[in-house]
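K.L.:
Now for the letters of each chain:
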Amino acid sequence: MVKIKDDGEALFRSSSNEPETDPFVPDRKLLRNDLEILAAKVDGVLGFNLVPTVVERTLKDKKGTLQRFVNDAKVAANFRGENLSDMVDHSEIIKAAVFDYLIEAKDRSWHNFLIDKNAKKIWLIDHDYPMWVSWDSGSVILGTAIGEGIVVLSDEIKQSIQNLLMNIDVIVSQDAKPEIRTIAEGIKKRAEKLVATGILV
Amino acid sequence: MMLLYFVELFELDHDANQKKIATFKLIEESGVVEIDGDHEHAIIKGIQWEGIFDYKYARPGKLHLYDGMKFLENLKYHFRSGYLLATDVEKKVVDN
Chain A
4 MVKIKDDGEA LFRSSSNEPE TDPFVPDRKL LRNDLEILAA KVDGVLGFNL VPTVVERTLK
64 DKKGTLQRFV NDAKVAANFR GENLSDMVDH SEIIKAAVFD YLIEAKDRSW HNFLIDKNAK
124 KIWLIDHDYP MWVSWDSGSV ILGTAIGEGI VVLSDEIKQS IQNLLMNIDV IVSQDAKPEI
184 RTIAEGIKKR AEKLVATGIL V
Chain B
9 MMLLYFVELF ELDHDANQKK IATFKLIEES GVVEIDGDHE HAIIKGIQWE GIFDYKYARP
69 GKLHLYDGMK FLENLKYHFR SGYLLATDVE KKVVDN
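Protein chains in written order, with the numbering used here: chain A, 4 to 204; chain B, 9 to 104.
Just chain A, same shape as in the assembly (with noise of 0.2 angstroms):
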């Protein structure tokens, strides 16, 4: 946790700070800063206000991401037992399910999002390898998004999903990792597939 001058507080995960021996393959410690800088970038030109803002930063000699601590929300495993419809608006649904559906989010479990209830909002957080590469439990908040029929897009989310395909070769460039830019390819895919069903499925 590392305290922001006039501003808060923000969380602090070094990507190079496991030991080598550790078999959790080292490569997913060095793609962890490009993947959660890659998820707010995507989130940032979609509009949504989903993920909290993330940079990259070097504290003491280490590598890593600051992400803003959202004081407000609550790990959303702390609800368990509630509808996720009834606590969070349908608008932040379906923008979170389009967001998990366009990330292909392998590792949306009910403890890699927060809900703050009186806003009735939810934050996305843990957009490291899991999430993007190595796992495939899914995302619950898709499930629901699809179990629950909140799935017809609206223009102003097409929009939102267009301005993406117009600058995914902006966020992620030429000479990003390879595996950035296959799934920036994967990303470009699912988008152009929204755009022209206008239905998340």
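In case anyone wonders, no lab produced these hints; they're calculated from the structure.
There may be inaccurate statements among the hints.
Said to hold, decoys possible - One side of the interface only, derived from the structure: several residues of chain A facing chain B at Cβ under 7 angstroms:
1) L14
2) F72
3) V78
4) N81
5) R83
6) P133
Glycine included, every Cβ here is placed at the ideal spot set by N, Cα and C.
Please build the complex by placing chain B on the supplied structure of chain A, with the hints as guidance.
P.N.:
For chain B alone, coordinates are given in the frame of chain A:
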């Protein structure tokens, strides 16, 4: 004398203060993880009920308390957000 392996689980409160909510303990010979903490806490109830994925080796299926060390060593990957954070597996010698 025997070895006790343990993982501590912390959560951040509204004011960003870290608070320990549970200690997961494994006595070397028992093979089953026990939990010291508030068993009514939603996070603790959830993990006992649902188990966790095997992030470390990406094996299919879920890990539960009775999976012993495999469960214990995956806690830090399951609780990795900072809002909930598990320590590495630590160990200490305890009396029988």
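K.L.:
With 7 angstroms as the cut and Cβ atoms as the points, is N81(A) at the interface with chain B?
P.N.:
holds (5 angstroms)
K.L.:
The hint names F72(A) as touching chain B; please verify it with the least Cβ-Cβ distance against 7 angstroms.
P.N.:
holds (6 angstroms)
K.L.:
Hey, does the R83(A) contact hint survive, CB to chain B under 7 angstroms?
P.N.:
Given a least distance of 5 angstroms, the restraint on R83(A) holds.
K.L.:
Could you check if V78(A) really has its C-beta closer than 7 angstroms to a C-beta on chain B?
P.N.:
holds (5 angstroms)
K.L.:
May I ask you to test the interface hint for L14(A) with respect to chain B, counting a Cβ-Cβ separation under 7 angstroms as satisfied?
P.N.:
holds (4 angstroms)
K.L.:
Going by Cβ atoms only, is P133(A) closer than 7 angstroms to chain B?
P.N.:
holds (6 angstroms)
When the structure is compared with the earlier hints, no violation turns up for any of them.
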